[in-house]
Amino acid sequence: MFCLVLLVLALLLLAGGCKREDRSFHVSVTEAGPPTGVRLSDLHPGLAAPPPHTVNGFEENALAVSEGKRLFSAFNCVGCHANGGGGMGPPLIDRQWLYGNAPEQIFATITEGRPNGMPAFGDKLTTQQIWQLAAYVRSMSGMISTNTAPGRSDHMKSNPPENSIDPARPASPPIPSSAERP
Amino acid sequence: MTPSPSSAPRPVINVARLPASALDHRSPIWWGNLLLLFIETTMFALMVAAYFYVRQNYNLWPPPQVNSPFALLRPVPTLSLPLISLAVLTLSAAPMIWADRAALHRREGAVKIAMTLAVIFGGVLIAIRFREFRYLNCRWDDHAYSGIIWTITGMHLLHLIVGTAENLLLTAWLYLHGMDEKHARDVRVGAVYWYWIVGIWWILFGVIFYGPRLWPQGQL
Amino acid sequence: MNSTANEPLTDLTLVAPAHLAKRETELDQKLEKVWQRPNGIVGWLCNTNHKDIGIRYVVTAFVFFGLAGLLAFAMRLQLAVPDNTLLGPDRYNQFFTVHGTTMMFLFAVPVMEGMALYFVPLMVGTRNVAFPRMNLFGYYAFLAGGLMLYGSFALNIGADAGWFAYPPLSGPDFAPGKRVDFWSQMITMTEISALVAAVEIICTVFKQRVPGMSLNRIPLYVWAMVVTAFMIIFAMPAVMMASGLLAMDRLTNVTTHFFNPAEGGDVLLYQHLFWFFGHPEVYIIFIPATGFVSNLIPVFARRPVFGYTPLVLSLIATGFIAFGLWVHHMFATPVPELGKSFFTGASIMIAIPNGVQMFCWIATLWGGKPQFKTPLIWVLGFIFIFMIGGLTGVMLASVPIDRQVHDTFFVVAHFHYVLIGGAVFPLFGAIYYWFPKWTGRFLSESLGRWHFALFFVGFNLTFFPMHILGMHGMTRRVYTYSAETGWGTLNLLASSGAVVMGVAMLLFLANVWKSRRTGETAGSNPWNASTLEWATPSPPPSYNFAQLRTVGSRDPLWIDSPETTALVDGLSTEKREVLTTTLLDAHPDHKYELAEDSIWPFLLALVVGLSFTGLIFHPIAFPLGMGFAYLVFILWFWRGNEPKRASLPHVSEGAAS
Amino acid sequence: MEAVLLQLTSHITQSGYGSDLAAAARGASMLDPGAEQAAEVAKLWWFFFSICTAVFVGVIVATVLSVWRGRGHQSAAMPPPAVEKEPRRDQGLVFGVSSAVTLTILLLFVLLVRDFFTDRVLGTPSAPDALTIRLTGHQWWWDVEYEDLLPHNVFNTANEIHLPAGRHVQLQLQSSDVIHSFWVPSLSGKKDLVPGHPTAMWLKADRPGVYYGQCAEFCGYQHANMKLIVFVDTPENFAAWQAAQRNPAPEPTTDRQRHGREVFLSRTCVMCHSIPGTTAGSRVGPTLGGLASRRTLGAGALANTTEHLRRWIVDPQSLKPGVRMPQNELPSEDIDALVDYLQTLK
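Protein chains in written order, with our numbering: chain A, 1 to 182; chain B, 1001 to 1220; chain C, 2001 to 2657; chain D, 3001 to 3346.
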């Protein structure tokens, strides 16, 4: 009896994953502030290790990631990136991107825009929304926990749902190599 | 119970000579198994109901496979292997009937052979069934139709596994310890379970494999 | 049923009383050894005695009742005044979801099953339920389900999509995180437990009644439980399937499309499945309560029940019709109008068997000499409150009226009148009635009356205003409302009623606590009642009856004369053996050995519970869980079939003649 | 949180009906109908209520009497049971019970028939001149689209519906996300908005007035604040309102308002909201055309005042927790200008 309680509780604690189920809607501005020191390259001259990438707290929060998913289609990101498979814009399910796949790099890409078609959304989105979008974008190639990533959406089936992507082997979409180059 | 204060003698029924087990519907285990089958039958009935309910949402039945190169072909489940599997499943009832009758007459040797055969049949059926999923011609997460037929087939596979695992356990016991009354009863109850597995698949098979052929369009 | 073939196998002899007394003492000693409860913590985990398991069900269910009551109290505090900010929407949604889920799955059904698992074997005069180990497994499955719900709730993973969890709101697209997954797996666990208990009850009643207790002599409470158990068997698979399909839609790497309208799925399919369970569920909770009432009223009216046959037929009719009216929960959805008319008819029709029961009870009271003891007072409270709930139910059967009050506080009021009035009031009556059997002591009558008075007043104060609120536009499941709606006064009234109910429950707890040790002692049959559970000491010994008896009427302790009623002897005193009788006429048929106490049920429940928890995170938990469960089952089977027992010649005690 | 609907003059459970509004404000009670449909249901309800009350009184009186008869036989110990048959008494009981059952069946049949008649009256009318309104439920607001054969006559509004009195209206109901339910108690029974199952219902409002409703199917965090106000206007008033809605938004007149429009179109607002006559056309959130003439903000979360509007833009999450609108970090003068501009959107 007692050990059942203990076991179940231990498992639940593990399951809780602290931040995943948090539903604090009100986010303080500093918490969701813009990143600093964004680098586009991981190449780093000299012996010192490059400073670590920013951690996006929203990646651990299921509500924030699903909100990112909602915004991704509401703001018509799908217009160019489709459901991650790419189209006019590059695919997002393969995590190999010119401008980096770290949270702050994605933030910068959304904010500043990128050559050859990615608009700068800096003025049009709040930092909270950008962080949510960045968290979702990373979930598309399995870079966040499958327990936090959104499940299948209530739409036509397209790519595998974000929570079903093998983090070790993200998809490599069959797209013309020209789309890979700027 | 306090005996009556009166001094008159009281009738007492002595049941000591009653048999210590029953091999048929007189046994509580037999009833327990039957009720389990009620539960399972209800579940399959609801699944079939869900199948027909979902069907109302489609104009083409089964829905075309948009991601396959043969998008315009109706991906009805292929019959070849599933028909073989149905035949094998039906045949598998034979050793169970044999075991059932032999257990009733307490012929231990025959029961052992029949049960061994039944386990082998079960193993073959499970192996076939795992391949059979391919003949459904869809993936479970394609759409609601594929989800339902995968679930029905999978749940039936689950019963095949459970039935075979149970038979395996029982057969092992028979070889190690021989058959007493209690295990003769278990053999007979197990047989009822297996008949049900065979019988229900005839219905489910008809729904999954012939349903789309008899009424190709969505409207019933 | 060829009982005649067995006739030569039983001997009828006349035994002198002095011999009987000696034999009884001898049996007491021997049976005590065979049936004794195992000791220690491990023993506690292994104990398969139906009375202990029944009590555990009841106590655990009441713990959950208390927790869910506290949640309800918090919700009433939040709604007491307009624009309150005590609970935010997230917390409030979790509270009402966990409240509803607990009350339906962790309190109402298990408490009724617990009562039945305690009393059904006693009332049919046998020593234990048909499958004692499965029974123990059922309890642990229930406990694991409850721990899953409250463990997740404590960690802020509490389900928040309502106790009905309609997709798409509960689906993968709109319910992020693992909250709904915990809910759906916990449903499966508790339903497994309900199904196990149902199978136990049916098999015990069908095969283990004492000789002479033919179908038309079964006590009405037992009949009610048989009908309930059959309803569980046909209803529970539907909710397991609904929650299972929902879990599959959500589960990583499975992600099916059952409830995705864009891929041919249908959210109304979920509602159909859910209510195909959900409506019978109401009767699964209510019918056992009618069993309490049918059992209590004759005892306190001091006469046999009026209309045994119509009462039994009403139970069976209710059981059938209950499966034909689930759509009245969906009148506001786009389902075909013609179908709705059919379900209106069925919903109105179910009032007939319930009316028959009500009239038979009143007739029994009318034809008897009612004794105003606490149990009867609770039953009278039940009649008052359930009549209101039942009549608002008739209103809800009408499509136009239902479309007005559906999903409003009118419905909240209606089903609390039906479920608290229809089930909890008789349950309290039954507890006051049977407490002496459990403990050998009475609950305090005066505290009991205070408990009733406060609970009755508090209940009506809480829930009656909700009818009016609903008709004035207050919808269900709102975490707040604005002052301008004018709902403030009635809500404050309702919340103050909740305080009164809380005080009443504290009185009840105090009463149980006090009476357990110091209550007035009760003999084996303190109410001078008629059914077999009163034919054995209070509390009953582990083997229930030293010598089984036969019955010759519906009220054996009132009508059968002790001199001519036969006793039964000859069951083994070396192993746990019970007498099996024929289904219809209850002729002695064969002896049936029950399993010993065992740790395997606990371990199986543990494995199953862990697999279901794992299934929230990855489908791999399913084959793994099955594998481990098979391992445990092999051990269960092997250890339960020790050859030494099976190969022994059956030792039977000779007759005492 | 002070979600106070200052302008909701009508109190529902209190007597707030005599209002000084031109069109008498009405409330949200199913027994105070303002439309044909609700009136039929109210009649039916009173019929059911009277029969049920009679049955209730009858049963309770019988129960009380049956117990009252035993008042003289109380004893501390339970008296012996009366097991011997009393044929005469039982005969009476049989008669009593069977007549009660017969009466029950008859009454239930009467209720059933009466119910079917109401059901038929409420059936779909044939109304060629019906006004068609498409109502789309969103988490947690209502999108209202007035259909017209001419595309440029189609216009949208949110969370408020204007209906012409005396004319049939077809409401086409659909949901964009989860299940919602449309319910205005004084007008009609509710109808669920189920994804994948678009449906329709008919209304014919008779009495001009203001009617309140809200989403009746649990739909998530802000289910409580998914409210709806229905204005039943006289046909002339309705025509005037409709004409005004079909026009593009008025041009801002002051510099500050112009700056406000600049802010609206260049910052976050434009990602979700639309204003007719401007480049803002997103349908993610409610349209803001006619915002200033609405009574509430946030689908009934709070009254539409300047102060509330400002707070709503800056921090909607503390006013309606969970709402889809994000907190906005704009300079104070931009917000002032924005609020100023939004208040010109009559």
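What the hints contain is simulated information worked out from the structure, not anything from laboratory work.
These figures come from a predicted structure and were not determined experimentally.
Don't take every hint at face value.
Stated by the list, open to error - A few chain D residues facing chain C, derived, Cβ under 10 Å:
hint	residue
1	G3092
2	V3184
3	G3189
4	Y3221
5	P3250
6	E3251
7	P3252
8	A3280
9	V3284
Said to hold, decoys possible - The calculated lysine to aspartate or glutamate pairs, modelled on DMTMM-like cross-linking and capped at a C-alpha distance of 20 Å, are:
hint	chain 1	residue 1	chain 2	residue 2
10	A	K124	A	D94
11	D	K3204	D	E3333
12	D	K3085	C	D2560
13	A	K124	D	E3036
14	A	K124	D	E3084
15	B	K1182	C	D2560
16	C	K2514	C	E2593
17	D	K3346	D	E3084
18	A	K124	D	D3336
19	C	K2030	C	D2597
20	C	K2033	C	D2011
21	D	K3346	D	D3143
22	D	K3204	D	E3262
23	A	K124	D	D3032
24	C	K2369	D	D3090
25	B	K1182	C	E2593
26	D	K3346	D	E3329
27	C	K2369	D	E3084
28	C	K2575	C	D2028
29	D	K3346	D	E3236
30	C	K2575	B	E1166
31	C	K2033	C	E2445
32	D	K3204	D	E3036
33	C	K2340	D	E3329
34	A	K124	D	D3143
35	B	K1182	C	D2052
36	B	K1182	C	E2574
37	C	K2340	D	D3336
38	A	K124	D	E3160
39	C	K2030	C	D2560
Beta carbons are placed, not taken as given, at the ideal position from N, Cα and C, and that holds for glycine.
Structure-based check of all given hints:
1. At its closest, the beta carbon of D/G3092 sits 8 Å from a beta carbon of chain C; the interface hint therefore holds under the 10 Å criterion.
2. The closest approach between the C-beta of D/V3184 and any C-beta of chain C is roughly 9 Å, which is under the 10 Å cut-off, so the hint is satisfied.
3. Taking 10 Å as the C-beta contact cut-off toward chain C, the hint placing D/G3189 at the interface holds, the least distance being around 3 Å.
4. The restraint placing D/Y3221 at the interface with chain C holds, with a minimum CB-CB distance near 4 Å, inside the 10 Å limit.
5. Using the Cβ-Cβ criterion of 10 Å, the hint placing D/P3250 at the interface with chain C is not satisfied: the shortest such distance is roughly 30 Å.
6. Taking 10 Å as the C-beta contact cut-off toward chain C, the hint placing D/E3251 at the interface is violated, the least distance being around 35 Å.
7. Using the Cβ-Cβ criterion of 10 Å, the hint placing D/P3252 at the interface with chain C is not satisfied: the shortest such distance is roughly 32 Å.
8. Interface hint status for D/A3280: violated, as the beta-carbon distance to the closest one in chain C is roughly 27 Å, over 10 Å.
9. Taking 10 Å as the C-beta contact cut-off toward chain C, the hint placing D/V3284 at the interface is violated, the least distance being around 16 Å.
10. Between A/K124 and A/D94 the CA atoms are separated by roughly 27 Å; this puts the pair beyond 20 Å, and the hint is violated.
11. Between D/K3204 and D/E3333, the direct Cα distance comes to roughly 47 Å. Violation of the 20 Å bound is thereby established for this hinted pair.
12. At roughly 15 Å between alpha-carbon atoms, D/K3085 and C/D2560 fall within 20 Å of each other, so this suggested pair holds.
13. Distance hint between A/K124 and D/E3036 is unfulfilled; the C-alpha atoms sit about 47 Å from each other, more than 20 Å.
14. A hinted pair counts as satisfied when its Cα atoms are at most 20 Å apart, and A/K124 with D/E3084 does not qualify at roughly 89 Å.
15. Between B/K1182 and C/D2560, the direct Cα distance comes to roughly 36 Å. Violation of the 20 Å bound is thereby established for this hinted pair.
16. With a CA separation close to 40 Å, the supplied pair C/K2514 and C/E2593 exceeds the 20 Å bound.
17. For the hint linking D/K3346 to D/E3084, the alpha-carbon distance of about 85 Å lies beyond 20 Å, and the restraint is violated.
18. Between A/K124 and D/D3336 the alpha-carbon distance is near 18 Å, which keeps this suggested pair within the 20 Å criterion.
19. Taken as a hint, the C/K2030 and C/D2597 pair is honoured in the structure, with Cα atoms around 17 Å apart against an allowance of 20 Å.
20. This hinted pair does not check out: C/K2033 and C/D2011 have alpha carbons roughly 27 Å apart, beyond 20 Å.
21. Straight-line distance between C-alpha atoms of D/K3346 and D/D3143 comes to about 18 Å, which keeps the hinted pair within the 20 Å bound.
22. Taking the CA atoms of D/K3204 and D/E3262, the gap is about 42 Å. The hint is violated against a cut of 20 Å.
23. Among the hinted pairs, A/K124 with D/D3032 is inconsistent with the structure: their alpha-carbon atoms are about 47 Å apart, more than 20 Å.
24. Proximity of C/K2369 to D/D3090 is assessed by CA-CA distance (about 14 Å); at most 20 Å being required, the pair is judged to hold.
25. For the suggested pair B/K1182 and C/E2593, the alpha carbons sit about 9 Å apart, so the restraint of at most 20 Å is met.
26. For the hint linking D/K3346 to D/E3329, the alpha-carbon distance of about 26 Å lies beyond 20 Å, and the restraint is violated.
27. Simply put, C/K2369 and D/E3084 have alpha-carbon atoms about 14 Å apart, close enough for the 20 Å limit, and the pair holds.
28. Among the hinted pairs, C/K2575 with C/D2028 is consistent with the structure: their alpha-carbon atoms are about 14 Å apart, no more than 20 Å.
29. With a C-alpha separation of about 19 Å, the suggested pair D/K3346 and D/E3236 falls inside the 20 Å cut-off, and the hint holds.
30. With a C-alpha separation of about 26 Å, the suggested pairing of C/K2575 with B/E1166 is violated against the 20 Å cut-off.
31. The straight-line distance between the Cα atoms of C/K2033 and C/E2445 is roughly 37 Å, outside the 20 Å bound, and the hint therefore fails.
32. With a C-alpha separation of about 6 Å, the suggested pairing of D/K3204 with D/E3036 holds against the 20 Å cut-off.
33. The hinted pair formed by C/K2340 and D/E3329 fails the criterion: a straight-line CA distance of about 52 Å is larger than 20 Å.
34. For the given pair, A/K124 sits about 23 Å from D/D3143 by alpha-carbon distance, which is inconsistent with the 20 Å threshold.
35. Using a Cα cut-off of 20 Å, the hinted pair B/K1182 and C/D2052 is violated, with the two alpha carbons roughly 27 Å apart.
36. This hinted pair checks out: B/K1182 and C/E2574 have alpha carbons roughly 17 Å apart, not beyond 20 Å.
37. At roughly 54 Å between alpha-carbon atoms, C/K2340 and D/D3336 are farther apart than 20 Å, so this suggested pair is violated.
38. A threshold of 20 Å between alpha carbons decides the hint, and for A/K124 with D/E3160 the separation of about 28 Å lies outside it, so the pair is violated.
39. For the given pair, C/K2030 sits about 28 Å from C/D2560 by alpha-carbon distance, which is inconsistent with the 20 Å threshold.
Of the hints listed earlier, those the structure fails to meet are numbers 5, 6, 7, 8, 9, 10, 11, 13, 14, 15, 16, 17, 20, 22, 23, 26, 30, 31, 33, 34, 35, 37, 38, 39, in rising order.
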